[in-house]
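Taken in sequence, the protein lines are chains A and B.
Numbered as in my numbering, the first sequence ends at 317 without a single skipped number.
Numbered as in my numbering, the second sequence ends at 317 without a single skipped number.
Don't take every hint at face value.
Same chains, same label: a pair holds when it works inside one copy or across any pair of copies.
Calculated lysine-lysine pairs in the DSS-like style (CA-CA distance at most 25 Å, straight line) [claimed, not checked]:
#, residue 1, residue 2
1, K12, K217
2, K247, K217
3, K210, K247
4, K247, K212
5, K47, K247
6, K247, K303
7, K33, K217
8, K312, K47
9, K33, K106
10, K146, K115
11, K65, K106
12, K247, K81
13, K138, K106
14, K47, K115
15, K217, K138
16, K47, K303
17, K312, K138
18, K84, K106
Hints in this document: simulated from the structure, not taken from any laboratory.
Protein chains: 2
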Amino acid sequence: MFFSKSWNPDGKHVYVTGGSTGLGLSVSILLVKKGAHVSIVARNQEKLDKALETLEEHRTSPSQKILAYSYSLLSAEDSEKAYKAVCAGHDGRAPDAVFNCAGASKPMFFVEMTKEDLEQGMANSFWIEAWTAWIAAKEMVRQGVKGKIVFVSSTLGYMTFVGWANYAPGRHALRGLGDTLASELRLYDIGVHTFFPPTMVTASYVEENKTKPEITKAIEGTDDGLTSEQAAAVLLRGEFSESGVEKGQSHITGDWITSSFRASTRGATPMNNWVIDSLWNFFALFAIPIWRRTVEYQIDAHKADHMEHLRKIGFLH
Amino acid sequence: MFFSKSWNPDGKHVYVTGGSTGLGLSVSILLVKKGAHVSIVARNQEKLDKALETLEEHRTSPSQKILAYSYSLLSAEDSEKAYKAVCAGHDGRAPDAVFNCAGASKPMFFVEMTKEDLEQGMANSFWIEAWTAWIAAKEMVRQGVKGKIVFVSSTLGYMTFVGWANYAPGRHALRGLGDTLASELRLYDIGVHTFFPPTMVTASYVEENKTKPEITKAIEGTDDGLTSEQAAAVLLRGEFSESGVEKGQSHITGDWITSSFRASTRGATPMNNWVIDSLWNFFALFAIPIWRRTVEYQIDAHKADHMEHLRKIGFLH
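If we strip away everything but chain A, and leave its shape as in the complex, we get:
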């Protein structure tokens, strides 16, 4: 922390997954504004075309390469195809940085989940980032590129509650992968960062609210969320609590709730600032048990309604 130099995206080639909407698009805009060559990958060609138009508006130099490719990133094979296409756009050279912004969630009750809900949950919250990181790490090591890999987890990578059984595990798993690689990829001078954004008011958020149980919404009640622009600024520059990729920090958080969870759930993760994090930690010692008791009270009070719901959908008779 004390010795890290600031990372400057100017002139670097940055690969952003999920770059056509939400956080991925907002990060891409910031990177283009800072002079980076940006390659985005997402599934929907129409959204990619629109995103490219938006990114073009922000270019700072005619030599900047701004490219878009349509691929799914849910399997190792497709992620490899996407990565190779991104490299091919730069004569085969591995990107200097990879920002894993693709992902999705579908909150619901555990007992109502199908096998597919659980498997797709893990694919959309973990593998969609892990495959690209795996392919990128191998190629960066082969080419000797001393770059960056950025994961996007969630506040739900630190803590979790009713409704998130097919999402919080994957977000926790990303923390496990990010922390392993932050340690292991030191061997190759590759930096690894994990972002834990709170609720972001994006198209995905509208989507996830369609299946989200009422009790989960009630517990989230007070969480206003960030816009994707605010979240992208935090991720890169660390507007909040002195974090951010440019400052080289391991875990990046964007609001006071997540910061207090981060400080109280650091494990062996480097602290961003020993004094400030210790204060957050002290705050969390008192605040989080109170928060948890409130949530437990809400869940317990919801029991009768929930049993009625299970009877209505035919799970119970």
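Assemble chain B onto chain A, guided by the hints.
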């Protein structure tokens, strides 16, 4: 914590996965000694037969049902077959408690992992427990069984380092699932506990050491480990730091290293004891940054050797 009653396995039906060896067998022995009906599932019939013999030696009453079934637990389908067989042994009634003790690890360098190493890593560190928990939760809710689901994670569910990229994510994911369900299954009065054992000196440990990178072994150097008997005692009775399933605690740890990680990585997890955990937390504030710097120094010093290794295996030229 303050109001929880002690859980008594006497007369209960407990399903233990991975019950033929290691922690699963040691837990099964303790449960049989305490008068529980125990059903174990594992793959190898020969080991199951031997385990049954051992369990029979510890029975306290002729009416105790001690049963064993051979199934793989890596897929949802096989886990469901195993669970149904276990219920069938008790006229279709769902077990009162499920102890998820099956699992395996294969540590190695991330850039050397194949797609299969990553997928099998997640299967053996996460799905092997998640599928059974999912099937058990649904059946317990249907039958109104107010029981327990126990996950076995690892110290590597709290923290991680070089070599564990296909294991630490799954162990972190189990924490995410355990914490989600500890919240969600309150709706049905089902208790959820997650155990974070340190190194256990078992057959699996011998197996994992075959692929473990030297740098990973060097970092683990000072960790003596527990026997599976010691770990089983901690899990049930909480010999250490006042934890254990019988005391109804959420996160269970078995040595001072993991306890300091637990206290400093609690997130929204209930503390086992506010005062003692705060002391662990205070200790961790100083001890863990020192530990991490030591590990980072070890990894950095290993760079040249590692590059030589990558050339030797043909990854680099």
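Each hint tested on the structure:
1. K12 with K217: neither (41 Å within a copy, 37 Å between copies)
2. K247 with K217: Neither, since 34 Å and 31 Å both go past 25 Å.
3. K210 with K247: Neither. Shortest intra-copy (37 Å) and inter-copy (39 Å) distances fail the 25 Å Cα cut-off.
4. K247 with K212: neither (35 Å within a copy, 33 Å between copies)
5. K47 with K247: The answer is neither: 31 Å in one copy and 53 Å across copies each exceed 25 Å.
6. K247 with K303: For K247 and K303, the Cα distance is within 25 Å only across copies (24 Å; inside one copy 46 Å).
7. K33 with K217: neither (36 Å within a copy, 45 Å between copies)
8. K312 with K47: Neither: 39 Å inside a chain and 45 Å across chains, both beyond 25 Å.
9. K33 with K106: neither (33 Å within a copy, 43 Å between copies)
10. K146 with K115: Between copies only: 23 Å across chains, 40 Å inside a chain, cut-off 25 Å.
11. K65 with K106: neither (35 Å within a copy, 41 Å between copies)
12. K247 with K81: neither (31 Å within a copy, 51 Å between copies)
13. K138 with K106: between (31 Å within a copy, 19 Å between copies)
14. K47 with K115: Close neither inside one copy (30 Å) nor across copies (30 Å); limit 25 Å.
15. K217 with K138: Between. Shortest inter-copy distance 23 Å satisfies the 25 Å Cα cut-off; intra-copy 41 Å does not.
16. K47 with K303: neither (42 Å within a copy, 43 Å between copies)
17. K312 with K138: between (51 Å within a copy, 16 Å between copies)
18. K84 with K106: neither (30 Å within a copy, 28 Å between copies)
Going through the hint list in order, the structure does not satisfy hints 1, 2, 3, 4, 5, 7, 8, 9, 11, 12, 14, 16 and 18.
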